Amino acid sequence: MQSRIRIQTEDFDLNAEVAALTTDGEAGAVASFTGHVRKEGNLSTLTLEHYPHMTEAEITRLVEEAGKRWALTGVTVIHRVGSLKPGDRIVLVAVASGHRQAAFQACEFLMDYLKTHAPFWKEEARNGERHWVEHRASDDDAAKRWE
Amino acid sequence: MQSRIRIQTEDFDLNAEVAALTTDGEAGAVASFTGHVRKEGNLSTLTLEHYPHMTEAEITRLVEEAGKRWALTGVTVIHRVGSLKPGDRIVLVAVASGHRQAAFQACEFLMDYLKTHAPFWKEEARNGERHWVEHRASDDDAAKRWE
Amino acid sequence: MNLLYFAWVRQKIGKGEEMLNLPAGDVASLIAHLKSLGSGYEDAFADLSRIRIAVNQRHAGLDAPVGPNDEIAFFPPVTGG
Amino acid sequence: MNLLYFAWVRQKIGKGEEMLNLPAGDVASLIAHLKSLGSGYEDAFADLSRIRIAVNQRHAGLDAPVGPNDEIAFFPPVTGG
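Chains as they are written, first to last, in the numbering used here: chain A, 454 to 600; chain B, 454 to 600; chain C, 695 to 775; chain D, 695 to 775.
There are no misleading hints in this set.
Only pairs whose alpha carbons sit at most 20 Å apart, straight line, appear in this in silico EDC-like list of lysine to aspartate or glutamate: (1) D:Lys706 to A:Glu577; (2) D:Lys709 to D:Asp737; (3) B:Lys597 to B:Glu518; (4) B:Lys538 to A:Asp477; (5) A:Lys492 to B:Glu470; (6) C:Lys706 to B:Glu577; (7) A:Lys492 to A:Asp464; (8) D:Lys709 to D:Glu765; (9) A:Lys538 to B:Asp477; (10) C:Lys706 to B:Glu582; (11) A:Lys492 to B:Asp477; (12) D:Lys706 to A:Glu587; (13) D:Lys706 to A:Glu582; (14) D:Lys729 to D:Glu765; (15) A:Lys492 to A:Glu582; (16) B:Lys492 to A:Glu479; (17) C:Lys706 to B:Glu576; (18) C:Lys709 to B:Glu576; (19) C:Lys706 to B:Glu587; (20) A:Lys538 to A:Asp464; (21) C:Lys709 to B:Glu502; (22) B:Lys538 to A:Glu479; (23) C:Lys709 to C:Asp764; (24) B:Lys492 to A:Asp477; (25) A:Lys538 to A:Glu576; (26) B:Lys492 to A:Glu470; (27) B:Lys597 to B:Glu517; (28) C:Lys729 to C:Glu712; (29) C:Lys706 to B:Glu502; (30) C:Lys729 to C:Asp757; (31) D:Lys706 to D:Asp737; (32) A:Lys538 to A:Glu502.
FYI, nobody ran anything at the bench for these hints, they're computed from the structure. These figures come from a predicted structure and were not determined experimentally.
Taking the hints into account, I'd like the entire structure generated from these sequences.
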C-alpha cells in the first residue's frame with residue numbers, strides 16, 4: 454500500500470491526488486473526503502495550529518491501522534495549516550481500493566480518527582475576536598464506532 | 454439541495470466539481486467517489502452503453518431519494534459513456550453536506566444504487582475479443598443494505 | 695408500442711429499436727409474442743432471469759401492463775458505476 | 695524534560711516550549727509541579743478534563759511515566775479535520 458501524508462499551508466489539486474492513487478491501475482475505486490471552511494456571516498479567518506512531527510507520526514499510525522483493517526492500494530492525507538478563509542479547503546483524505554466498500558469505510562474511519570486523534574487546533578476570528586473552536590463530543594462518538 | 458447529473462463522453466474536473474458544490478459555503482463536508490478502469494494485462498478498451506433519457510430519469514430519482522434520507526446541500530453525478538481506456542475515470546458521485554456522516558452515507562448509497570439501477574452496460578475488449586461484463590450479485594447485496 | 699433493446703439483448707435481436715402494433719397486455723405476453731418473431735428473439739429471451747425490463751423509463755416486472763403508447767425496454771442486469 | 699504547549703494552553707502559559715530539569719515521575723506529578731510555577735500554569739491546568747497529553751509524540755494519560763529525556767506536550771482536545 455502506498456501512502457502520502459502532507460501537512461502544508463498551500464491548497465491541493467484533487468485531480469492530481471486521485472490520479473496518483475490510480476496510476477498503478479490496481480484500484481477501481483477511490484473514496485475521497487474534503488473538509489471546507491464554511492461561509493458564515495461573521496467568520497473572517499480560520500487559523501490552524503498543529504504539533505509538528507507528532508501530526509505526521511499520528512496520521513501515519515492511523516493510515517497503518519486502516520491498511521490493516523481493509524485491503525487498500527493507497528491512502529493520501531493532506532491537512533492544511535496556517536490561515537484559511539471561508540470557502541477554503543482544509544483537509545483531503547483519499548483512499549484507493551479494489552473494492553468500493555473498503556475505500557468508503559477506510560476513508561470514513563480516517564476522517565473520524567483525524568478529528569479525534571491528530572493534533573490540530575482551529576482558532577476562529579469573528580468580528581475581530583479570536584476564539585478556539587471547541588472539540589465536539591459527536592466526533593468522539595463517531596470514532597468509537599470503529600473500536 | 455442543488456443537483457447536477459451529467460452523462461458525457463469526456464472526462465471531468467474534480468476540483469471544479471467539488472468547488473461548485475461548496476461555493477454557497479453551506480457545506481463543510483464533501484464525500485466523493487470516483488470509479489476507474491483498472492489496468493489489467495489484456496484489457497484494451499471498456500465501452501459503456503446506456504439508455505438515454507432513462508439514465509438521467511433514474512439517477513434523478515436516486516438523487517431525490519438520497520435528498521429525502523439525508524440533509525444534503527448538493528449532489529453531483531457524472532457518468533461517462535463511450536469508449537474508455539485502462540486508467541480512465543468512469544464515474545463521479547460527489548455529495549456535500551453540513552455533516553460528514555450524511556455525506557459519506559449518501560455517497561455510498563448513490564454508488565450502490567447506480568450499480569444496480571442506472572441503465573449502463575460495460576463491454577470489455579480483451580485480446581481483440583469483446584464481451585459484456587456480468588452484473589455482480591455483491592452489488593445487489595450492497596444495495597439491499599439501504600432498503 | 696415502442697420497443698428498445700440494449701447490450702447483448704440488442705445484439706441477439708439485431709436491432710436497437712422497433713415499433714410494433716400489438717394489443718394491450720402485460721410484459722410477459724409481449725415477450726411471448728416477441729419470441730414467435732424469430733430465433734434472435736428466442737435466443738435473447740431464452741432465460742428471463744437474465745432480462746431486465748423498463749416501461750416508460752422506469753424499472754418494471756413481467757406483470758407490468760403495457761399498451762400502444764408505451765415505451766418498453768429490454769436489457770441485461772446493469773453494470774455501470 | 696522538554697515541555698510543549700499548544701493552542702490555549704500555550705496562550706495561558708505564555709510560551710510554546712520550555713526545558714525543565716525535574717526528577718522522573720508521572721504526568722500527574724509533573725502537572726502538580728507546573729501549577730506551582732505561576733498563575734498562568736494554574737489557569738491552564740485548572741480543569742484537567744480539558745487537557746490532553748502526549749509523551750514522545752504519542753497520546754498518553756495522567757499516569758504515564760516521564761523522565762528527563764522525554765518530550766511531554768499539553769494541549770486541548772483536538773479540532774482538526
